[in-house]
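Turn these sequences into a full structure, and let the hints guide you.
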Amino acid sequence: MFELLSYGDAGWGDEIFAGLAITMQLAIVTLPVGLLIGFVAAFASMSRHAGLRAIGFGYTTIMRGLPEILTLFVVYNGVGLLLNKLAVWWNPGGTNIEFSPFAAGVTALAMVFGAFAGEVLRGAFQSLDEGQMEAGRAIGMSPGKIFFRIRLPQVWRFALPGLGNLWINMLKDTALVSIIALDDLMRMTKVAVGVTKQPFTFYLLACLIYWVLCVLSEVVLAHMERRANRGIRRV
Amino acid sequence: MNPFYIMVEYWPRLLDGTLMTLKLTFLGALIAALFSPGLALIRANTGPVAQAPLRLYISFMRGTPILGQLFLIYYGSGQFRPFLQEWGLWSFFRDPFNCALLAFALNSTAYQTEILRGGIMGVARGEIEAAKAIGMTRPQILRRVTFPHAYRIAWPALGNEIILLMKASALASVVTVFDIMGRTRQIFSRTFDFSIYLWAALIYLCITAIFVLLWRQGETRLSRHIGPRSTGRSILSPPEGPKP
Chain Z
1064 MFELLSYGDA GWGDEIFAGL AITMQLAIVT LPVGLLIGFV AAFASMSRHA
1114 GLRAIGFGYT TIMRGLPEIL TLFVVYNGVG LLLNKLAVWW NPGGTNIEFS
1164 PFAAGVTALA MVFGAFAGEV LRGAFQSLDE GQMEAGRAIG MSPGKIFFRI
1214 RLPQVWRFAL PGLGNLWINM LKDTALVSII ALDDLMRMTK VAVGVTKQPF
1264 TFYLLACLIY WVLCVLSEVV LAHMERRANR GIRRV
Chain S
1062 MNPFYIMVEY WPRLLDGTLM TLKLTFLGAL IAALFSPGLA LIRANTGPVA
1112 QAPLRLYISF MRGTPILGQL FLIYYGSGQF RPFLQEWGLW SFFRDPFNCA
1162 LLAFALNSTA YQTEILRGGI MGVARGEIEA AKAIGMTRPQ ILRRVTFPHA
1212 YRIAWPALGN EIILLMKASA LASVVTVFDI MGRTRQIFSR TFDFSIYLWA
1262 ALIYLCITAI FVLLWRQGET RLSRHIGPRS TGRSILSPPE GPKP
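Chains as they are written, first to last, in the working numbering: chain Z, 1064 to 1298; chain S, 1062 to 1305.
Simulated from the structure, these hints should not be mistaken for laboratory data.
These numbers come from a predicted model, not from an experiment.
For the chain Z half of the interface with chain S, some residues (derived, Cβ under 10 Å), not all of them:
#1 T1124
#2 T1237
#3 S1241
#4 I1242
#5 K1253
#6 V1256
#7 Q1261
Think of the CB as a built atom: it goes at the ideal place given N, C-alpha and C, for glycine as much as any other residue.
Encoded structure:
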């Protein structure tokens, strides 16, 4: 049992650890991209222009209604096709461009994360006290300064619980990239299962690793929430 | 290529897949709905030691990918094949549909239990005390006071959970169940016509939209005693907050 999980040639410890590293890389690269999309979606849906609002609303509604795996396949196959068409148009007779599974995974996960984050951030921006922005203007702060010194720090506080949930969901959704042949934790587990013929042991191990990651995230997020709320009086 | 052409040729398969998605979602949500009230009562009313196993189960279901849970049941059961065959359970676990349904039901039970626990704890103490005062028995209180109100409180969140389950049911395609996603991948692998994915997206969005409308009807019905002032907030409406 334990030699199966050992590190080195005999065991699968190193392979699974390598898969875990890919999973973590994927999640950590996706987070800033997803947050960026989230901010853009939030600003679009709070915009003064009806057209931008419609785009923001349409994007968040559609992306939240689609299964993540469908989004992943649309991105992986669709963007791949698009890139190849562009490549042929740019350089006829050139080689095929491979859209890497990692890039597809980051794109799809960030699009989903961004759609949900857009709603969380919009809610956070809309629950700010309008009087504080007026106070900022009254003492002559520029719009940029108001944004960075008054709005953003408080949006962080309001949005953190929602964004924390999204992070945990995204961490779990990274398992989907194993389907498009990216060697993440789930896929390395599948490889180990194929050789050892012990599916229950290894899938249970993979689930336990995801579980540990999620519980750890919850602990860190609770700490961050306490820190974000440190200046606030408790009722 | 004309995107309508592929629909003309393959619509029976997609319809078949749609029925499979609906079947998986409906049965999964229903099985979870049968177990969650009892479990939610345990979560709401017992001490930390008594509910420790339940909390562990809920934490596991919420902290691991559904794909992992699905693989654990579908592929993992193979490790216990002789044992399962002895008990006559192997024919159940050999079928991908059964395994997917089991995984979704187990997953949704955990989420629905937590949602319903919130509802039960949201029922005002005074209501229970009033029911006791007029001499209702404990089962009567549960049936006539606690659960009707708890479901009213939990209704929007339960709707969200069912939509999440419907989205998660697309994972069943990975273990060769031919739901919408499974049919779509099958058709794409034959035709390499990308528009089939967009048709699939449209079908999923339509199912969600119809479900939201039906669920809102249910919400209005559950709160009809509150009178015309209740607006019946949609489960998809944005979080409340002052306008900027």
